[in-house]
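**Student:** Next come the chains, spelled out residue by residue.
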Amino acid sequence: MIALTEAFAGASIPAGAEEFRAQVKSFLAEKLPDRPSSARARSWSAFDAPFSRSLAERGWLGLTLPKQYGGGGYDAFSRFVLVEELLIAGAPVAAHWMGDRQSGPLILRYGTEEQRRFYLPRICRGEIFFCIGMSEPNAGSDLASVRTKAARTERGWLLNGSKIWTTFAHKSHYMLALVRTSGSAADRHLGLSQFVVDLTLPGVAVKPIVDLCGDDNFSEVFFEDVQLGADALVGKEGEGWTQVNSELAFERSGPERIYSSLILLDLWTRRVRRDSSEADEVRLGRLIARLAVLREMSLAITQRLANGESPVLEAALLKDLGTEFEQTIPQEIADAVAADPEVEADEDLMSTLAYLMQISPAFSLRGGTREILRGMIARGLGLR
Amino acid sequence: MAVENLLLDSFVRLLAKVSPPTAVRRAEADGDVADILGGIEESGFMDALVPESRGGSGLSLADAVPLFLAAGGYLLPIPFAETAVARAVIAAAGAQSPPGKTIVLWPATHAGRLMSQVGPLCERSSLALVQRGAEFQLLPITFGERRADPFRMRSARPEPDASPLAEFALPHVDLLHWAAAITAANMAGAMERLLELSLAHVNDRQQFGRSIGKFQAIQQQLSVFAERAVSARVAARIGLMGSNLTLDGRRVAIAKSVANESARASVSIAHAVHGAIGISEAHELQLYTRRLNRWQLSFGSDAYWQRRVGRSRLKSSDATGVDFVRTVIAGTEAC
Chain A
1 MIALTEAFAG ASIPAGAEEF RAQVKSFLAE KLPDRPSSAR ARSWSAFDAP FSRSLAERGW
61 LGLTLPKQYG GGGYDAFSRF VLVEELLIAG APVAAHWMGD RQSGPLILRY GTEEQRRFYL
121 PRICRGEIFF CIGMSEPNAG SDLASVRTKA ARTERGWLLN GSKIWTTFAH KSHYMLALVR
181 TSGSAADRHL GLSQFVVDLT LPGVAVKPIV DLCGDDNFSE VFFEDVQLGA DALVGKEGEG
241 WTQVNSELAF ERSGPERIYS SLILLDLWTR RVRRDSSEAD EVRLGRLIAR LAVLREMSLA
301 ITQRLANGES PVLEAALLKD LGTEFEQTIP QEIADAVAAD PEVEADEDLM STLAYLMQIS
361 PAFSLRGGTR EILRGMIARG LGLR
Chain B
1 MAVENLLLDS FVRLLAKVSP PTAVRRAEAD GDVADILGGI EESGFMDALV PESRGGSGLS
61 LADAVPLFLA AGGYLLPIPF AETAVARAVI AAAGAQSPPG KTIVLWPATH AGRLMSQVGP
121 LCERSSLALV QRGAEFQLLP ITFGERRADP FRMRSARPEP DASPLAEFAL PHVDLLHWAA
181 AITAANMAGA MERLLELSLA HVNDRQQFGR SIGKFQAIQQ QLSVFAERAV SARVAARIGL
241 MGSNLTLDGR RVAIAKSVAN ESARASVSIA HAVHGAIGIS EAHELQLYTR RLNRWQLSFG
301 SDAYWQRRVG RSRLKSSDAT GVDFVRTVIA GTEAC
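Chains as they are written, first to last, in this note's numbering: chain A, 1 to 384; chain B, 1 to 335.
The hints are simulated quantities; they were obtained by calculation from the structure and are not laboratory data.
There may be inaccurate statements among the hints.
[Stated by the list, open to error] One-sided and incomplete, this derived list gives chain B residues near chain A with beta-carbon spacing under 10 angstroms:
1) 218
2) 251
3) 253
4) 306
5) 321
[Unchecked claim] Chain B is nowhere near these chain A residues, computed Cβ spacing over 12 angstroms in every case:
6) 139
7) 220
8) 242
9) 375
[Claimed, not checked] Residues from chain A that face chain B, not an exhaustive set, calculated with beta carbons under 10 angstroms:
10) 88
11) 266
12) 370
13) 381
By construction, the Cβ of each residue, glycine as well, lies at the ideal position given by its N, Cα and C atoms.
Go ahead and model the full structure; you've got the sequences and the hints to work with.
**Tutor:** So this is what it looks like as structure tokens:
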């Protein structure tokens, strides 16, 4: 327990990484002037391939990947700065997001030399985009019960099954999928493996799912006798569960688990600047104070990732707190803006607020539900 | 790093020896802290922030924060962190702190009223470092008629007519900042120990044929508690970032705001999982929760400090909340 509370030792961004910030800010100011706030609020849910490629041209995709594979060779804090600036500017980063954050580092760590040379330079050039195939119709929080199966054949693997809630599969080139290579759903985490699936292969069908805001970020992906090469397997057969878990600290500890509603907070702040009440000042201060603490925690985890550790438990704790914060912002601001029914609604603010009020329940579902994360923390506390 | 850990380890061993729950209760009952005060004073930790050139250990504030948290965790019934800071302030003014005396921080309005709804906890031998504007006075205290306040804690006030033991002016030191930041550190330390106490209880207590810690409903609540305890600790460290005896009011505001929010959740969950036994005086729980409730009222509530952060944000030229937070963490507030 003490170990957990002491796990968030102070960390700060090294000067070199901090200097990088100005470059990012000026690039974004030039590249993305005057977009509606409701578009900016979508940020890592907004797919814009040309924008992602413009980042690639600057060398900002695969920032932490080694230079020999086309990466930038920068440290984790530089990536923190880049991601932070992209998010607070509301840049549309979904196209490269999964490949940059997860699939690239995963292939670097577990892939063969051939796989690295094949995928990583193209990820860094923004030529290929990845989606992550985890959930299935009967495997949500209970991820170990996945049923999609890859069976060994003479030519490689034959893939059958389906994935659901996959973000932007219909716009991606590849899926990094967690599937079963032996046993059955009852065998849980044993017998799972990871594959790179080329989504243009025969037998792959992708169907977008429209969400409650009218966006089509999600999709359902069907595999019917999809013939994969032997080299589609990433890492070791049967080690999929361990491999997936090793990436969780990266997936759950970044600023994107804290910042999803900041476009709204900043928009509301500008409005309050013109005409503020004492209640508004208190409300704003409450949210900023929480933001400051959460950002320090994210930096502390970044330091530990940079040290080569895998603070999965701490990342779960931060993600639960961070997503709660992201969900609180639209609630607080809804209460504030409608406090006086005589005041006319501000259209830009209202459309951003409405988007976040409706989509924010997803923040504590994606990447591990609140209840699963709290179960992990309870295990860390020795209760399970 | 190793030296810091050695320091903390030896301080924690001392706390475990001089400030077990029985000693905390005794101090509450009759104000007798002689043994505790003797042990802590002898260790030299209360001179931690005084420069070596003036007979202290010259520890940096960052290195002292774990000591402050630990003192809060052990509910140390003497104003430890307050005395450490007061002695450093007095040394900075070139004055002398009387040995063997603890010192509470007493930020006052121009009219002389303490800037807190409840007084700082002190004991018979305490002095008060009173600040009005840039003027400081070190005064003896009086306990008055009442033995305890509505939280059944002993607090006192300075004797206004006594002649000061020291008098000086220091424009860059704000005792309200220090008092609130130290309160946040005490709270964070106490929350950690309260979490340990709660974990031990749910592992031990049996209902429905198993320990209640095996129930998801309990587990999920304690996970939230752990999140809050961690937040409070990170916040307390933010509050105590500073140099040259100057804290940044905005960072203090972050610390006290998050400490108060965290304390409310922690106290509520700790009592919920303890059930009826936690309401009894005999159980250790109340030693923590009574203080955590009282500290919420000490030196400004969350609303007071949140408003300060909010106003500062509105006045700042930073384009985004994140830019503002970076400025606040990295910088110093313009006086």
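**Student:** Each hint should be assessed against the structure and marked as holding or not.
**Tutor:** Each hint, compared with the structure:
no.	hint	verdict
1	218	holds, 8 angstroms
2	251	holds, 8 angstroms
3	253	holds, 7 angstroms
4	306	holds, 3 angstroms
5	321	holds, 5 angstroms
6	139	holds, 20 angstroms
7	220	holds, 31 angstroms
8	242	holds, 24 angstroms
9	375	violated, 7 angstroms
10	88	holds, 5 angstroms
11	266	holds, 5 angstroms
12	370	holds, 9 angstroms
13	381	holds, 6 angstroms
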